[in-house]
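In case you want the letters, here they are:
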Amino acid sequence: MNDLGNVRADFPILERKINGKRLAFLDSAASSQKPVQVLDAMDRVYRTRYANVHRGAYTLSQEATDDYEAARRKVTRFINADDDEIIFTRSTTSALNMVAYSLGLNGLGEGDRILTTVMEHHANIVPWQMVARYTGAEVIYADIDSGHRVATEAVTEMIDERVKIVSISGMSNVLGSMPAISEIAAAAHAAGAVMIVDAAQLVPHAPVDVKALGADFLAFSSHKMLGPTGVGVLWGRRDRLEEMEPIEGGGEMISDVTLDGSTWAPVPHKFEAGTPPFVEAIGLGAAVDYLSELGMDRVFAHDRELTAYALDRLGEIPDLYVQGPADVHNRGGAVSFSMPDIHAHDLATILDQEGVQVRAGHHCAKPLMRRLDVPATARASFYIYSVREDVDALIDAIHVARKIFGV
Amino acid sequence: MALEELYREVILDHYRNPRNRVELDAPTAHADGNNPLCGDEVHLDLIVADGIVTDIAVTGQGCSISQSSASMMSDAIKGKTLADVNDLTAKFKAMMDIDANGDAGIDPDRPGAMLGDLEALQGVRKFPVRIKCANLAWTTLQEALGN
Chain U
49 MNDLGNVRAD
59 FPILERKING
69 KRLAFLDSAA
79 SSQKPVQVLD
89 AMDRVYRTRY
99 ANVHRGAYTL
109 SQEATDDYEA
119 ARRKVTRFIN
129 ADDDEIIFTR
139 STTSALNMVA
149 YSLGLNGLGE
159 GDRILTTVME
169 HHANIVPWQM
179 VARYTGAEVI
189 YADIDSGHRV
199 ATEAVTEMID
209 ERVKIVSISG
219 MSNVLGSMPA
229 ISEIAAAAHA
239 AGAVMIVDAA
249 QLVPHAPVDV
259 KALGADFLAF
269 SSHKMLGPTG
279 VGVLWGRRDR
289 LEEMEPIEGG
299 GEMISDVTLD
309 GSTWAPVPHK
319 FEAGTPPFVE
329 AIGLGAAVDY
339 LSELGMDRVF
349 AHDRELTAYA
359 LDRLGEIPDL
369 YVQGPADVHN
379 RGGAVSFSMP
389 DIHAHDLATI
399 LDQEGVQVRA
409 GHHCAKPLMR
419 RLDVPATARA
429 SFYIYSVRED
439 VDALIDAIHV
449 ARKIFGV
Chain D
191 MALEELYREV
201 ILDHYRNPRN
211 RVELDAPTAH
221 ADGNNPLCGD
231 EVHLDLIVAD
241 GIVTDIAVTG
251 QGCSISQSSA
261 SMMSDAIKGK
271 TLADVNDLTA
281 KFKAMMDIDA
291 NGDAGIDPDR
301 PGAMLGDLEA
311 LQGVRKFPVR
321 IKCANLAWTT
331 LQEALGN
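For the record, the sequence lines run as chains U and D.
In this text, residue positions in the first sequence follow our numbering: the first is 49, and each later residue adds one.
In this text, residue positions in the second sequence follow our numbering: the first is 191, and each later residue adds one.
Just so you know, these hints were derived from the structure itself, not from any lab.
Note that the coordinates shown come from a computational prediction; the quantities given were computed from them, not determined experimentally.
Worth double-checking, as some hints may not be accurate.
Non-contacting residues of chain U with respect to chain D, defined by C-beta distances greater than 12 Å in every case (computed) [unchecked claim]:
hint, residue
1, D75
2, T107
3, R138
4, G159
5, V305
6, A374
7, V376
Far from chain U by the CB rule (all over 10 Å, computed), these chain D residues [to be verified]:
hint, residue
8, L196
9, N207
10, H233
11, K270
12, L272
13, N276
14, D297
Within a straight-line C-alpha distance of at most 30 Å, the following computed DSBU-like cross-link-like pairs (lysine-lysine) qualify [claimed, not checked]:
hint, chain 1, residue 1, chain 2, residue 2
15, D, K322, D, K283
16, U, K451, U, K65
17, D, K316, U, K414
18, D, K270, U, K69
19, D, K281, D, K268
20, D, K316, D, K268
21, U, K69, D, K316
22, U, K65, D, K281
23, U, K122, U, K259
24, D, K322, D, K268
25, D, K322, D, K281
26, D, K316, D, K283
27, D, K316, U, K65
28, U, K451, D, K322
29, D, K283, D, K270
30, D, K268, D, K283
31, D, K270, D, K281
32, U, K69, U, K451
33, D, K270, D, K322
34, D, K316, D, K281
35, U, K451, D, K316
36, D, K322, U, K414
For every residue, glycine included, the Cβ atom is placed at its ideal position computed from N, Cα and C.
Construct the complete structure from the given sequences, taking the supplied hints into account.
Right, here's the structure in full:
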């Protein structure tokens, strides 16, 4: 039991022993575990309602199509979007690539600027660098402050008429920092720029209302929010999606095809070329049901409570540095830390022997590692099934590592 | 316990006090190695004269396994002929080869007889994701020597 109730009972994997020890799964920022409700929803499709979607006037295809479109409406409601504003993609990465290529190749040129930050995941850096190479545009980066947050002014003071796109993480996967997206979006719009949010961490961990957020595009992944791998979401404001060109052509996305050319299906289907990952999308729909029932305010509060506890307990350990805000104000539940005498990989190997599963490395954020001047960090991250006992296991295992390394 | 086999005292000693962490004035061979997945780095400068590795300098950063392996390697190959270095490299890689059967010729009754301190890295084989850390210095060495 934790403050969200008996949710742990819904996650069969939590019964596992790792190296003979109780599993303390602390890598939910990389990918979350799955409740039986999600597994059952997908299993049901494969066993009883499976055929390709949008294809035939036969019962099975109609049922699969109904389930797929119902999942789209669930996700739409989950972030308070309007109908037909949700595109199913492969992942956050493919959603960001889609919007980067479409906006970039149909509008950016020499002298234009794309503004992001130094704390971004590679998925919100590399596509922009690629688009910049094709178009002659330039990528510029707002810095973090000494408290490892992105100050609103640090971003807004870089916005001028050259900036056409602002693309920023809503919650850092390394630091946990949560920039003030709605304020930044307002500044971006005032300068005529498009506002994009990498919400891979934000949507799973905090309540999101796209109307209140004020952005134009939002990208997130199913697998970090209790759903299966293989499906992600691009939300776009209806008018933006209408004017945006698809970057992938194929089946499903057309209105008509002749030998001379093609016309596109209406939004959102013009962006979903080929058979979509519809069983996965249906699994995401079940995940959204699960999270909605808990309430995202409570999910966020649960993460915050554990983060506060982890920051507190990690603070007890000498020579351990938390990379990220020291308090839970505007902060998500990714807690990165480094120890000068024990490399993050050694730490992760030792923690694993104690059943504690943490990520060690650069977390797909090498520019941030260079900015922080650390080769790598270890990261503990939480989700709805996490409990204080997991944090206690982490702390005990760090002491085992300190003993082995004689510090 | 497997952890004690991995983190032998000799490994931690080389990690804390890496050997040959110097700069060479006129290296005749050089290579940079890195593991993009984990960020470990090993940089090697060598002086090879008349078929003998007369001097070596190691720099870099990373986990205890990658850095201690580099340090032990530098001690092991200094003063050796290129033929001996190649032989040692083959033996080390065989010791790290998870698919190879047996112990690559290491005699448990005479610890250190074949590979000296380097035999302490045997325990890494029980941690497959870390094998690439142990091998990094040796792969970099092969690149520096043009093999």
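We went through each hint and held it up to the structure:
1. D75: Holds: least Cβ distance 14 Å, greater than 12 Å.
2. T107: Non-interface label stands for T107 of chain U: nearest chain D Cβ at 47 Å, farther than 12 Å.
3. R138: 21 Å, holds
4. G159: 33 Å, holds
5. V305: Answer for V305 of chain U: holds, closest chain D Cβ roughly 42 Å.
6. A374: 25 Å, holds
7. V376: With a cut-off of 12 Å, V376 of chain U remains clear of chain D, as the shortest Cβ separation is near 29 Å.
8. L196: Violated, since 7 Å does not exceed 10 Å.
9. N207: Holds, since 13 Å exceeds 10 Å.
10. H233: Correct as stated: the minimum Cβ-Cβ distance to chain U is 14 Å, above 10 Å.
11. K270: It holds; K270 of chain D is separated from chain U by about 29 Å at its closest Cβ, greater than 10 Å.
12. L272: 32 Å, holds
13. N276: For N276 of chain D, whose nearest Cβ neighbour in chain U is about 29 Å away, the distance exceeds 10 Å, so it holds.
14. D297: 27 Å, holds
15. D:K322 x D:K283: 10 Å, holds
16. U:K451 x U:K65: At roughly 24 Å apart (the allowed maximum being 30 Å), K65 of chain U and K451 of chain U satisfy the hint.
17. D:K316 x U:K414: Judged against 30 Å, a Cα distance of about 29 Å means the pair holds.
18. D:K270 x U:K69: Between K270 of chain D and K69 of chain U the Cα gap is close to 46 Å, so the pair fails against 30 Å, i.e. violated.
19. D:K281 x D:K268: 17 Å, holds
20. D:K316 x D:K268: 29 Å, holds
21. U:K69 x D:K316: Holds: K69 of chain U and K316 of chain D sit about 18 Å apart, inside 30 Å.
22. U:K65 x D:K281: 36 Å, violated
23. U:K122 x U:K259: 16 Å, holds
24. D:K322 x D:K268: Holds, because 23 Å separates the two Cα atoms, which is no more than 30 Å.
25. D:K322 x D:K281: Roughly 16 Å between the alpha carbons, so the hint for K322 of chain D and K281 of chain D holds.
26. D:K316 x D:K283: 15 Å, holds
27. D:K316 x U:K65: 18 Å, holds
28. U:K451 x D:K322: 25 Å, holds
29. D:K283 x D:K270: 18 Å, holds
30. D:K268 x D:K283: Measuring from Cα to Cα gives roughly 18 Å; hence the hint holds.
31. D:K270 x D:K281: 15 Å, holds
32. U:K69 x U:K451: The given pair, whose Cα atoms are some 19 Å apart, holds under the 30 Å limit.
33. D:K270 x D:K322: Answer holds: K270 of chain D to K322 of chain D is near 24 Å, not above 30 Å.
34. D:K316 x D:K281: 18 Å, holds
35. U:K451 x D:K316: 21 Å, holds
36. D:K322 x U:K414: Holds: K322 of chain D and K414 of chain U sit about 20 Å apart, inside 30 Å.
Of the numbered hints stated above, those contradicted by the structure are hints 8, 18, 22, listed in ascending order.
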